[in-house]
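Colleague: As a plain string of letters, each chain reads:
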Amino acid sequence: MSVPVTDLLRILPELVLAVFGTLIVLVEPFLRRTQKSLTGYIALIGALLALLSTLAPAMYPGPAFNGLVLVDGFSIFFHFLLLMITTLTIVASFRYLEREGLPQGEFYALLLFATIGMGLMASGNELVLVFLGLETVSIATYVLVGFRRTEVRSNEAAMKYFLLGSFATAFMLYGIALLFGATGTTFLPDIARQLAEGGGMRTLALMGMGLLFVGLGFKLALVPFQAWVPDVYEGAPTPVTAFLSAGPKAAVLAAFLRIFFTALEPLSGSWVWVIWATAILTMCIGNLGALMQDNIKRMLAYSSIAHAGYILIAFAAHSELGIAAVLFYLVAYALMKLGAFSIVSHVSAGEAHQSIDDYAGLHARHPLLAACLTVFLLSLIGIPLTGGFFGKLYIFTAGIDANLMGLVIVGVVNSALSAAYYLRVVKVMYMSEPQGNLAVVPVPASLVFVLTLTVLGTIGLGVFPSPILQFAQQSVLPLP
Amino acid sequence: MNQNYLSSYVPILIYFLLAMGVAGAIMLLSWLIGPRKPTPTKLSPYECGMLPTGDAREPFSVKFYLVAILFILFDVEAMFLIVWAVVLRQLGMYGFIIMSIFLFLLMVGFVYEWKKGVLDWAPRQSRRG
Amino acid sequence: MVPTWHYLALAAALFTVGVIGVLTRRNIIIIFMSLELILNAVNINLIAFARHWGSVDGHIFAIFIITVAAAEAAVGLGILIAFFRNRDTVNADEIDLLKW
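Chains as they are written, first to last, in this note's numbering: chain G, 859 to 1338; chain A, 427 to 555; chain V, 145 to 244.
You may find that some hints are simply not true.
[To be verified] Examples of chain A residues lying across from chain V (beta carbon under 10 Å, computed):
no.	residue
1	Y431
2	F442
3	Y491
4	L492
5	A494
6	I495
7	I498
8	L499
9	D501
10	E503
11	M505
12	V509
13	V512
14	L514
It should be emphasised that the hints constitute simulated quantities derived from the structure, not laboratory data. Since we're looking at a predicted model, the values are computed, not measured. Glycine included, C-beta positions come from ideal geometry on N, C-alpha and C.
Model the full assembly from the supplied sequences, consistent with the hints where possible.
Modeller: Set out below in structure tokens:
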């Protein structure tokens, strides 16, 4: 028995990340205290090499390892997206870790390991592998959320995230076990075949699907499983919050789409309306929650719940157009969330100043930072000329195309509603007098790099959406 | 068939009852016919022959938890080793290489925790011979 | 032969006990133990189904679940120790700094 080289090529990004992550763990204890920042550069090189090596699976798509992994356009798209998120997070964390005096090697190693898990979720074609990917992400992020060990809020956030996260995992596992029991296989295409032929035990499969939905819904922060999000986002170190809101969310969505559109497609009659109802609840609760927040990290947390709701509209559309809309939206969403949280991590200096009032007069202190944050907030609302606008446009188009008028109307109303709390921050930044107690900290070069990329990306998607949109359309999962 | 299946457990049941009976009889006999002369030393709990120093139900040092956590991790990996060892001959070189990679990764973890000083039982200054 | 549904009933009972334990208990260590109960219910399910279908996939999955559960327990206990050092409690009701 031997592994064909093409199998290894198809998981090359994961292999590169694994090598570099292990290298960091191996090198870190031997570095002197002043040299620890070296690990950040190792991680950056690793992430960039992984991004580059995604070309290998892109050139040789197909199944690998007896069908455990399926490299198709869908997984390639997600690999590019996820690796971009990881790269930006690494750069955004450079100064944060030094300023907070946090251990650096472990942080970057865990980020790389989490990325391996996300990659496996995107290309996993079998439930065991998807589960292992999900757990790799989860365990790494449990630690990252509690990374400020001596800080009670960080401890609490990690504890809550861990308890609810592993509870969700347990539900999901029970669901997978029932699906396995109903069909006798864990390979997604085989499950679909069994269910389509009417074989297997249907009731058992439906129960399994329900539990799987609960587990994935927890990880994706859908209402009514969203309670942990604001607390975890508030307590986690801000670069980790940025990563959480972009990376794992996209990866879980990838697994969600692949499982439901491949394996559970024959049962689609029983899950489309659940997605429909969850979408409405998630949008409304997310936006109402965000309206009431004074802490900017909690506000952005609720906003990310609401955005998961918009994404569900395209999910409920249950069409290739819908999947393309989800993919496009995820790119735009990741860029604006990463950018917004990077600014928050700089302004709140040591997590002390998280209140929206701390942004009073940011315009006077940091005109450029205020302008960037405004771009991200406008994009989150969905104002034209930003990526968020086209993202929402495609999602609503997919919804209308699938005759989901009610859902689309709720989505549009919610978008209008969300403007209230985003514009509140803009108003505070430009209209209020600066409060004297905040010093003007010069913006480090690493943050300038991240902000340049995210702002250009956000505006670029708003002006020239077609390249990414075409890429997304070529990367959809084939629907029967 | 079901009846036969259950009846195959009868010897185990008999063995179980027998073991309970013997143990119970010995305890009962020593309680009935043994002489009792209690002294404070005899009544104190047995602790490896040393004088008991206090209640066992008090908080442990956190060090114990750290070692316990590390133990869980390295302990469970043995499960993969057993499964692998059973079919080693069929797996051949491929299985050997895969397991080597697995063990290498474990070793990286071990080196990491060693260098980080997690295994140092006490701070160096307060260590006594 | 014990029929498959006996195992499923046992697993469902364990699962229920675990879920109730997670939802009602206040000591975080006991919540951890309840989570392990749920995972063991899953393992029983998998092994029972593996025998039912005559495939080893369920066995392999169970082994992976045990490993992942160990890793999860280790991380959970680590987080709990950090929490305990700062707050001096293992009571889930006292995780209360972050709200609304």
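Colleague: For each hint given before, does the structure comply? Return the numbers of the non-compliant ones in rising order.
Modeller: Hint check: 2, 13 and 14 fail, others pass.
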